[in-house]
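So you can see what is in the structure, the chains are spelled out below.
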Amino acid sequence: PPSSLPSPTVAPDRVTVHFINRDGETLTTTAKEGESLLEVVVNQNLSIDGFGACEGTLACSTCHLIFEENVFQKLDAITDEEMDMLDLAYGLTDTSRLGCQVCVKKAMDGLTVQVPMEVADLRKGLEVGKQSK
Amino acid sequence: MIFSCWWLGYPFLSMVCTHVPEGNIHPSVSSISKLLSTAALAPQICIVGSGPAGFYTAQHLLKHHQLAQVDIYEKLPVPFGLVRFGVAPDHPEVKNVINTFTQTARSDRCSFYGNVTIGKDVMVEELEQAYHAVVLSYGAEDNRILGIPGENLSGVYSARAFVGWYNGLPENRDLKPDLSSETAVVLGQGNVALDVARILLSPLDTLRKTDITEGSLAAIACSRVKRVWLVGRRGPLQVAFTIKELREMINLPGTRPLLDSADFTGLGDAIKDVPRPRKRLTELMVKSALETPGEREAGRWASATKEWGLKFRRSPLEVLPAADGKQARGVRLAVTRLEGSGESARAVPTREMEELECGLVLSSIGYQSLPLDPSVPFDPKLGIIPNSLGRVQGVPGLYCSGWVKRGPTGVIITTMSDSFDTAQSVLEDLQSGVLNLSDTKEGFKSLRSVLHSRVTPGVHPVTFSDWEKIDAAEVARGKLAGKPREKIVDLQEMLQLIGH
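Here the protein sequences come in this chain order: A and B.
The first sequence runs contiguously to residue 133 in UniProt numbering.
The second sequence runs contiguously to residue 500 in UniProt numbering.
Okay, chain B solo, but in the shape it has when bound (with noise of 0.2 Å):
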């Protein structure tokens, strides 16, 4: 079957252009690539970051431009970034996207590199001279603070650290939350509150399937917590969780839902003329929240040890420090009300005030990207590079795709779809001229010896076949536990078992 291309500049390459299979390069195209794979006309194109934001804008530009040559570097010993690292345990499904990247790592023109972090082993100057584009893909490392009193006090932890320790990111592993306190509260109503809810309050045989850490489950089976309220600003029309997020507190076996019937009732007309989705979010808070629940929901609700609970209109104060000046005892809450309507209503606090008692805080008002480099533009108030269409203000050939890109929200298929985009950016700029493939450029084989002299003496790139190594470890070592995967969250037990 013959598709046509959007190239159609390069009349040679249009004739190979059959459908290639994504990771699957037909025996034809690969050979005549070859023949025309001169310095001159290969791109070399380099992706800084292994997450899903550089491995789709890698897939799509291996699947569109038959020569390209996509160098993905990672500063992690292994790739995948959130979807590793972020993804909840009990969530696998999601962690399918592993098999497409995988794909697309194979292939003969792509080559990971991990273990190398730019803008401290290579700076993002020296990857502009070794490839003709540069994609900074690099997501949102950091977190939002509260910026309020008793942040810091033992027990209060932002959620982003809590969810890298249940999923083994190394630089989390020693995290040991204090999970000893009945109540805990989660600052934030997006879907990371939720998936930190869900962990603290599912139960222990579903999280032992998962691939959850052996250290992160043990502390778990010690918790004492058994409640766990949502914290929000604004009101139930303003939750930013997605329903399937949702549904599936709602069903969650050994809970129940604490949901104060005055927050919802009366909400029927606000959601006549609003989209779908916001719809029926509402709906089934609202279904939940009012409605006499049918009898096996009564029933397991009416048995359930553990309760989750979602409080609206009350903006964080202080954290409360214990009467040894150390500990979190509790949260004081503003109580807010709504300025306008809708997605853009706005919280406004008021007087009134409220304490809430708890042992456990976890922060969860958003991810944030960093500044990568002094020579890459950076908003600090958007948390963003500056960008348009993915390619980077006044920087030409210097592209960025996903959060970095849009800031830290959205699912998957917004990641893809943005990353699509910023890879149509590049392909459009190679074949306009705007990326002057004449300049010959070497790719990693001139950063190599810039590598022997920078990366911390006796360490190397990780290469997908390591990971390739790392990941059979981990899954034989799953295999013992029964469970899909045991992360290895040392790096340096990482780098020895590939010797380096």
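Chain A on its own, in the form it takes in the complex (with noise of 0.2 Å):
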């Protein structure tokens, strides 16, 4: 279970968060209580290429971000409307989150987040777009 109570030693509402970058280049970063991992990224003004196109709108997948199993399972639950554009993102896990849906809470500082590798986009199988020969 979560703590209730923020330690008094820590200041209130900053948490770190680590961005593994596509490179493979860690991004540690500290960010406010309730700040989505999208709005993260834009107000730390964080060098990760396209992400966050829609801008936080659940209108594309480019804010993908792989959790640690452990976290991924203590995460508010997902949303269908998030599941559906998940499934659009490139290098889809288990443990695929979209950044401007999950909000930054005490319980995750030190959280360590993982940009995904482009690999091979799912679509490509799915042939989106493309009608039936």
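Be careful, since some hints might not be right.
Stated by the list, open to error - Not close to chain B: a few residues of chain A, all C-beta gaps over 12 Å, as computed: (1) 14; (2) 32; (3) 50; (4) 66; (5) 68; (6) 71; (7) 105.
As the list claims (entries may be wrong) - Stretch by stretch, here's where chain A covers chain B in the computed footprint (C-beta under 8 Å, at least three residues): (8) 94-102; (9) 276-286.
Keep in mind the hints are simulated off the structure, nothing from the lab.
The beta-carbon is built from N, C-alpha and C at its ideal position, and this holds for glycine as well.
Two chains, two separate frames, one set of hints: put the complex together.
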């Protein structure tokens, strides 16, 4: 269960987050509680190419992030609409979420998330937009 | 914060490679750029086409090369291609990408030249002489044709033209689609097919608040269409649309889905091992077709005045003429059977046929790229420019990105990723010396006189700040009608507005 009392020795609303970028480099930043991870990337000017193209409106999957299993389990429930967009993401995993839908919480301090490598697009298998021949 | 650069081959550049927010050049970088920006060092790159492929290619080049000058050419006076003219008016979220494109266009090292048609006003060979690298990102402006009798009857349109019409594409402004019949048939089961079905069936109050053009809104207000069939040659496991668009359709107020339970019974086994996207998509169709709807949904379906449905394993044979011989009155379809399974299943017509009565037929079987200019290789069968990682085969210095590179499929992330890949190929060729920067190239400067002599007298390239004037006028007009914008659909009116 998440601890309900914030530790008094730490600044109340700052949370450290690590993003492992596509090239393997770790970008470490502090985030405010309540910010979405997309807002963290934008507000902190983190250099992740093409991140958040639709600006957090659940219309693309460019803010796709991969979580560690134990952290993923504790995240708020995922909506069908988020799943729908994740289905179009590159390198989808079982612990994938969209950064615009995950808000930073105190308990996440020290969180590490991975920006997926650009691997073969699942949509290529789906032949989206192409009609039957 | 210092970030590592991939182009460590230029030591003097890596020194200035602090993180630069897109479109917002850090002063120190900008001043150093100016010092270094001799003609020999600054690559002159041009991009043909200002849709997502063009802008994402430009964005990546500008961000990862501190000296590159990128010029974007566009045949229309207005930028953004299919984001403006393809994305459905009721999907404003997708159009947020325009904000980043605008930042890119406002960069000191990026110029937009609208109203210039490459292949007509300026030839590709002339671009190659003026620039170190030329990137073709002009998309897929045509549509595949059915090739069946009756395709040219009145009441038959390509979905591409219909989309262009409601989105204000100047060439389709006079389409005047006949919306006087109750049943429309869309041939195709991709996202464009769902877009046109949704626009035909959406409550008017929803459309009114979008940037759909005034003229098309007025026409749709008088539409009698209340039933739309989406016809596919193959089965439910082969539909090309994506789940977001399907869910939107299922939840569309005032409509009910017409799904034949026989099409969906027993699909469970077939999707056990397919990738998650296909699995979830199929499950959503199965649920809507086979499960008893919840109370709210049941109520909505019962009170619905409009309906839409999916017809599978039907291949169009002919559009049938009415008694007058001019108007479409229906389509004749061959019932097909599938050979093979999964994504690669093929539809083979059987002898069985069926007629579907309708007065409106929209063919939505895909967009198609056209060759640009005889000097550019083109594969007519695949409809793309033959390339490897965006490098046009056999033509050093020529590149391509977007639909003309890989075919007309995918969503914004697909084009973004493929455009970044092409930009990366250009950057690698700059680093390796394949693109020789010691050849002095003057970019737009050297084309100015060419343009002067070619472009229709009195017409000049449209700059990005010109576009921003058109944009402001459209937004102001939209405001009066409670819409995000009222698009100007007349080319002359656009040009007059900016004093051309």
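Task: Interface exclusion of residue 66 of chain A relative to chain B, criterion Cβ beyond 12 Å - done: Label holds. Min Cβ-Cβ 15 Å, cutoff 12 Å.
Checklist line | Check on residue 50 of chain A being off the interface with chain B, judged by Cβ distance over 12 Å | finding: violated (5 Å)
12 Å Cβ clearance of residue 71 of chain A from chain B | For residue 71 of chain A, whose nearest Cβ neighbour in chain B is about 21 Å away, the distance exceeds 12 Å, so it holds.
Handout entry: Per-stretch coverage check for the segment 94-102 of chain B, three Cβ contacts closer than 8 Å to chain A
Key = With 5 residues closer than 8 Å to chain A, the segment 94-102 of chain B meets the three-residue bar; holds.
Check on residue 14 of chain A being off the interface with chain B, judged by Cβ distance over 12 Å: Answer for residue 14 of chain A: holds, closest chain B Cβ roughly 17 Å.
### Query
Per the stated criterion, does the least C-beta distance between residue 68 of chain A and chain B lie above 12 Å, as a non-interface residue requires?
Nearest chain B Cβ is 20 Å from residue 68 of chain A, so the label holds.
Would you say the segment 276-286 of chain B counts as covered by chain A, given the rule of at least 3 residues with C-beta under 8 Å? Holds: 5 residues of the segment 276-286 of chain B have a Cβ under 8 Å from chain A.
Legend entry - Minimum Cβ distance from residue 105 of chain A to chain B greater than 12 Å, as the annotation requires: holds (25 Å)
Margin query: Quick check for students: does the CB of residue 32 of chain A sit more than 12 Å from each CB in chain B?
Written below: Given that every Cβ of chain B is farther than 12 Å from that of residue 32 of chain A, nearest at about 18 Å, it holds.
Hint violations for this structure: number 3 only, all remaining hints satisfied.
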